[in-house]
Amino acid sequence: MITLASDFGTPYPAAMKGVLLRRTDAKLVDVGHNFPRQDVRAAAFWLREVLPYFPPAIHLVVIDPGVGTDRNAIVCRAGEHVLVGPDNGVLVPAARRLAGDAALEYAVVDEQLLESPTPAGTPPASSARTLSDTDDQTAADGPASATFHGRDVFAPAAGEIHAAGQGALETLEWLAPLEGNPVGLELPEPTLENNYATGEILVVDDFGNAITNVPGEFLAGRDRIVANGDRVPVCETFAAVPAGEALATVGSHGYVELDVNRGRGDEAFGLEAGDRVRLDANDDPDS
Amino acid sequence: MITLASDFGTPYPAAMKGVLLRRTDAKLVDVGHNFPRQDVRAAAFWLREVLPYFPPAIHLVVIDPGVGTDRNAIVCRAGEHVLVGPDNGVLVPAARRLAGDAALEYAVVDEQLLESPTPAGTPPASSARTLSDTDDQTAADGPASATFHGRDVFAPAAGEIHAAGQGALETLEWLAPLEGNPVGLELPEPTLENNYATGEILVVDDFGNAITNVPGEFLAGRDRIVANGDRVPVCETFAAVPAGEALATVGSHGYVELDVNRGRGDEAFGLEAGDRVRLDANDDPDS
Amino acid sequence: MITLASDFGTPYPAAMKGVLLRRTDAKLVDVGHNFPRQDVRAAAFWLREVLPYFPPAIHLVVIDPGVGTDRNAIVCRAGEHVLVGPDNGVLVPAARRLAGDAALEYAVVDEQLLESPTPAGTPPASSARTLSDTDDQTAADGPASATFHGRDVFAPAAGEIHAAGQGALETLEWLAPLEGNPVGLELPEPTLENNYATGEILVVDDFGNAITNVPGEFLAGRDRIVANGDRVPVCETFAAVPAGEALATVGSHGYVELDVNRGRGDEAFGLEAGDRVRLDANDDPDS
Numbered sequence: 001m002i003t004l005a006s007d008f009g010t011p012y013p014a015a016m017k018g019v020l021l022r023r024t025d026a027k028l029v030d031v032g033h034n035f036p037r038q039d040v041r042a043a044a045f046w047l048r049e050v051l052p053y054f055p056p057a058i059h060l061v062v063i064d065p066g067v068g069t070d071r072n073a074i075v076c077r078a079g080e081h082v083l084v085g086p087d088n089g090v091l092v093p094a095a096r097r098l099a100g101d102a103a104l105e106y107a108v109v110d111e112q113l114l115e116s117p118t119p120a121g122t123p124p125a126s127s128a129r130t131l132s133d134t135d136d137q138t139a140a141d142g143p144a145s146a147t148f149h150g151r152d153v154f155a156p157a158a159g160e161i162h163a164a165g166q167g168a169l170e171t172l173e174w175l176a177p178l179e180g181n182p183v184g185l186e187l188p189e190p191t192l193e194n195n196y197a198t199g200e201i202l203v204v205d206d207f208g209n210a211i212t213n214v215p216g217e218f219l220a221g222r223d224r225i226v227a228n229g230d231r232v233p234v235c236e237t238f239a240a241v242p243a244g245e246a247l248a249t250v251g252s253h254g255y256v257e258l259d260v261n262r263g264r265g266d267e268a269f270g271l272e273a274g275d276r277v278r279l280d281a282n283d284d285p286d287s
Numbered sequence: 001m002i003t004l005a006s007d008f009g010t011p012y013p014a015a016m017k018g019v020l021l022r023r024t025d026a027k028l029v030d031v032g033h034n035f036p037r038q039d040v041r042a043a044a045f046w047l048r049e050v051l052p053y054f055p056p057a058i059h060l061v062v063i064d065p066g067v068g069t070d071r072n073a074i075v076c077r078a079g080e081h082v083l084v085g086p087d088n089g090v091l092v093p094a095a096r097r098l099a100g101d102a103a104l105e106y107a108v109v110d111e112q113l114l115e116s117p118t119p120a121g122t123p124p125a126s127s128a129r130t131l132s133d134t135d136d137q138t139a140a141d142g143p144a145s146a147t148f149h150g151r152d153v154f155a156p157a158a159g160e161i162h163a164a165g166q167g168a169l170e171t172l173e174w175l176a177p178l179e180g181n182p183v184g185l186e187l188p189e190p191t192l193e194n195n196y197a198t199g200e201i202l203v204v205d206d207f208g209n210a211i212t213n214v215p216g217e218f219l220a221g222r223d224r225i226v227a228n229g230d231r232v233p234v235c236e237t238f239a240a241v242p243a244g245e246a247l248a249t250v251g252s253h254g255y256v257e258l259d260v261n262r263g264r265g266d267e268a269f270g271l272e273a274g275d276r277v278r279l280d281a282n283d284d285p286d287s
Numbered sequence: 001m002i003t004l005a006s007d008f009g010t011p012y013p014a015a016m017k018g019v020l021l022r023r024t025d026a027k028l029v030d031v032g033h034n035f036p037r038q039d040v041r042a043a044a045f046w047l048r049e050v051l052p053y054f055p056p057a058i059h060l061v062v063i064d065p066g067v068g069t070d071r072n073a074i075v076c077r078a079g080e081h082v083l084v085g086p087d088n089g090v091l092v093p094a095a096r097r098l099a100g101d102a103a104l105e106y107a108v109v110d111e112q113l114l115e116s117p118t119p120a121g122t123p124p125a126s127s128a129r130t131l132s133d134t135d136d137q138t139a140a141d142g143p144a145s146a147t148f149h150g151r152d153v154f155a156p157a158a159g160e161i162h163a164a165g166q167g168a169l170e171t172l173e174w175l176a177p178l179e180g181n182p183v184g185l186e187l188p189e190p191t192l193e194n195n196y197a198t199g200e201i202l203v204v205d206d207f208g209n210a211i212t213n214v215p216g217e218f219l220a221g222r223d224r225i226v227a228n229g230d231r232v233p234v235c236e237t238f239a240a241v242p243a244g245e246a247l248a249t250v251g252s253h254g255y256v257e258l259d260v261n262r263g264r265g266d267e268a269f270g271l272e273a274g275d276r277v278r279l280d281a282n283d284d285p286d287s
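Residue numbers (this note's numbering), protein chains in the order written: chain X, 1 to 287; chain H, 1 to 287; chain F, 1 to 287.
The hints are all genuine.
No farther apart than 25 Å at their CA atoms in a straight line, the calculated lysine-lysine pairs in the DSS-like style are these:
(1) X/Lys27 x H/Lys27
(2) F/Lys27 x H/Lys27
(3) X/Lys27 x F/Lys27
Think of the hints as simulated: they come from the structure by calculation, not from any bench.
Construct the entire structure; sequences and hints are all you get.
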């Protein structure tokens with residue numbers, strides 16, 4: 001099984017699927033291709049929350065604002081899972097979660113040794129490498145595009161790893177151990193006091209729920225809180241308040257969310273991803 | 001085969017797919033995850049029109065504005081098909097259509113007996129159950145979220161049913177016969193007179209076609225009608241009128257649609273889902 | 001393997017998938033269902049660039065503004081690939097690319113002989129054929145809708161071809177050789193002089209990159225160009241300029257693209273699909 005995640009929209013992911021399916025008959029599962037454009041942190045959050053529900057799989061992740069620069073293409077073994085993507089931190093939180101107690105192992109893709117895809121039939125009008133006059137490769141060699149490594153580097157790598165099966169990471173000649181550490185990415189941690197929490201909006205989901213980085217335990221035993229000045233009830237379900245009214249709840253990822261029943265919490269609270277949020281449970285008489 | 005329908009956007013459906021694929025190797029087919037948000041009636045319409053084209057399958061349906069309340073999670077056997085979703089009526093019109101002459105059988109999911117999914121690796125920061133102090137479950141038990149039953153209740157149920165194969169509904173211990181009747185949902189019926197029809201816009205599709213609940217027969221033999229005051233030709237195809245011009249036709253679901261060739265019928269007629277529409281064929285000289 | 005491409009949005013493609021899966025257990029892969037609405041040329045471009053990355057497959061293509069008119073439904077053998085769709089040119093550029101040196105073979109679908117899909121259970125309220133009083137077909141016969149040939153003609157055809165396997169195009173009785181030529185579609189060619197190129201924006205992708213029809217070679221050895229009056233650097237990667245700044249590069253399809261790093265090139269250059277673009281490399285001191 002190979003999962004695919006990107007910020008590509010339509011139809012670039014299909015080119016990656018074609019490349020994969022030339023190399024392997026794996027089941028392909030879309031995690032999503034509408035991740036916030038070039039937002040490494042948002043994708044890192046979502047992947048950390050979603051990928052652990054999958055059975056062992058190869059996860060192809062292409063949120064890659066540095067495409068074509070000298071950032072590495074990396075492969076990470078995380079327990080029974082393998083992740084493939086750019087070395088920009090996007091893989092790291094998911095890999096840690098997937099690995100559990102196992103150590104993470106990283107390898108780097110040698111793009112010169114990896115065979116790039118050759119499309120069927122006549123070659124395209126030109127190749128992305130034409131800018132460098134010293135490059136002897138012809139279009140028929142399938143040189144990697146400087147702007148679409150999802151198709152030309154990451155998908156071939158994931159497909160070859162799947163096709164090689166057990167032991168792939170030890171035997172594929174275009175993989176080498178990563179020297180040094182991968183680029184890290186830490187999701188921000190909140191500051192927790194007794195009746196206060198100061199955190200951040202990690203992401204806003206498609207429902208408009210503003211997901212904070214404050215652990216859900218903060219709401220335990222509370223009936224209401226003040227979030228950035230707005231006093232709202234603490235509820236277990238959206239439907240506990242009338243349609244259109246705001247609430248705070250513990251979302252499905254275990255964090256405090258600021259929501260509106262049948263509406264958009266981000267708009268009601270005036271919050272977007274990255275915004276600072278202060279939760280105050282001080283005036284709750286039960287506290 | 002398991003089909004998936006929701007109003008979740010991205011990337012929540014992927015978590016459901018991971019949960020399913022831990023339980024079974026079923027082929028997964030997306031019906032769509034962009035159904036109008038929390039609009040039970042629109043989803044019920046689309047499912048009734050789309051699911052009957054599938055071969056026998058398990059249909060996982062999560063349009064669930066009452067998530068976390070005491071509404072039941074139900075399973076419905078409809079002929080050779082099985083539907084899994086909330087007991088809010090969303091399944092009912094499709095189930096009736098799928099069953100044909102067969103009787104519908106409903107069962108209710110006992111969420112205490114159904115094993116919730118446990119994500120890989122370290123547990124999330126907290127669990128959605130932390131609001132209730134009396135709950136002894138730990139995160140490692142994989143307690144159901146109060147806000148994401150698609151992942152924690154409906155997907156595990158559909159996956160277990162698929163994995164159990166024939167006779168699943170008789171043998172799975174977390175299924176019990178539904179006492180009483182499921183929550184019903186009737187799509188509105190039009191009023192038909194000789195040369196008049198008074199109906200309602202059921203849905204507007206992604207092309208902007210305004211789909212009424214008036215049977216297509218109403219247009220038989222007519223050359224033009226007046227729809228809410230706008231006189232438009234009755235055509236078999238969009239392309240029968242110039243680009244940008246309005247028409248009435250019989251849509252692919254058999255109902256009168258108000259459309260614009262290469263444009264949006266909803267905007268031209270000023271109509272949206274739920275609006276009342278009056279069709280008048282009285283001034284058609286052929287009538 | 002069957003790929004699907006359409007401009008249908010949600011949930012019409014699911015009906016096509018149901019129809020396919022009643023006829024064959026093929027792996028289904030979405031190329032995309034958000035192609036620009038009824039824009040045959042844009043779809044033709046994307047399909048030509050994406051489909052050649054797939055292994056041999058049947059490609060179901062439904063961008064069909066003339067649905068229900070007398071345009072033919074056609075099948076094209078292109079090397080090891082088969083394309084199914086309307087005879088409006090949308091298939092042609094991809095078919096030529098897929099065929100390589102092989103000759104293209106076209107057949108036309110006899111819609112009277114092809115078995116239309118019959119949905120499960122009770123028939124829909126009416127049928128799309130009710131407008132023609134002389135039609136003897138009943139709803140139970142599954143007559144083709146006049147407005148949804150994707151479900152009622154193209155998907156059944158693709159499914160039958162897949163199920164019939166090798167030799168399908170020679171043996172299926174509802175296929176006949178196409179008399180004459182298919183409707184053609186030529187993507188526009190640019191005018192190239194030494195230091196000037198006059199071309200057109202073929203498409204704008206979901207990132208906002210404005211993709212021209214000028215071959216990437218035009219940029220070889222240049223450091224900057226003037227595009228419709230805007231002087232921009234020529235770069236190999238988006239990240240070569242600061243976020244928010246414009247550039248010209250060779251895109252992943254081999255054409256000159258006008259982009260903005262982490263922004264939208266179409267907006268920065270004021271360009272949309274179909275617009276004329278003039279590239280001037282004359283003031284580049286290296287030229």
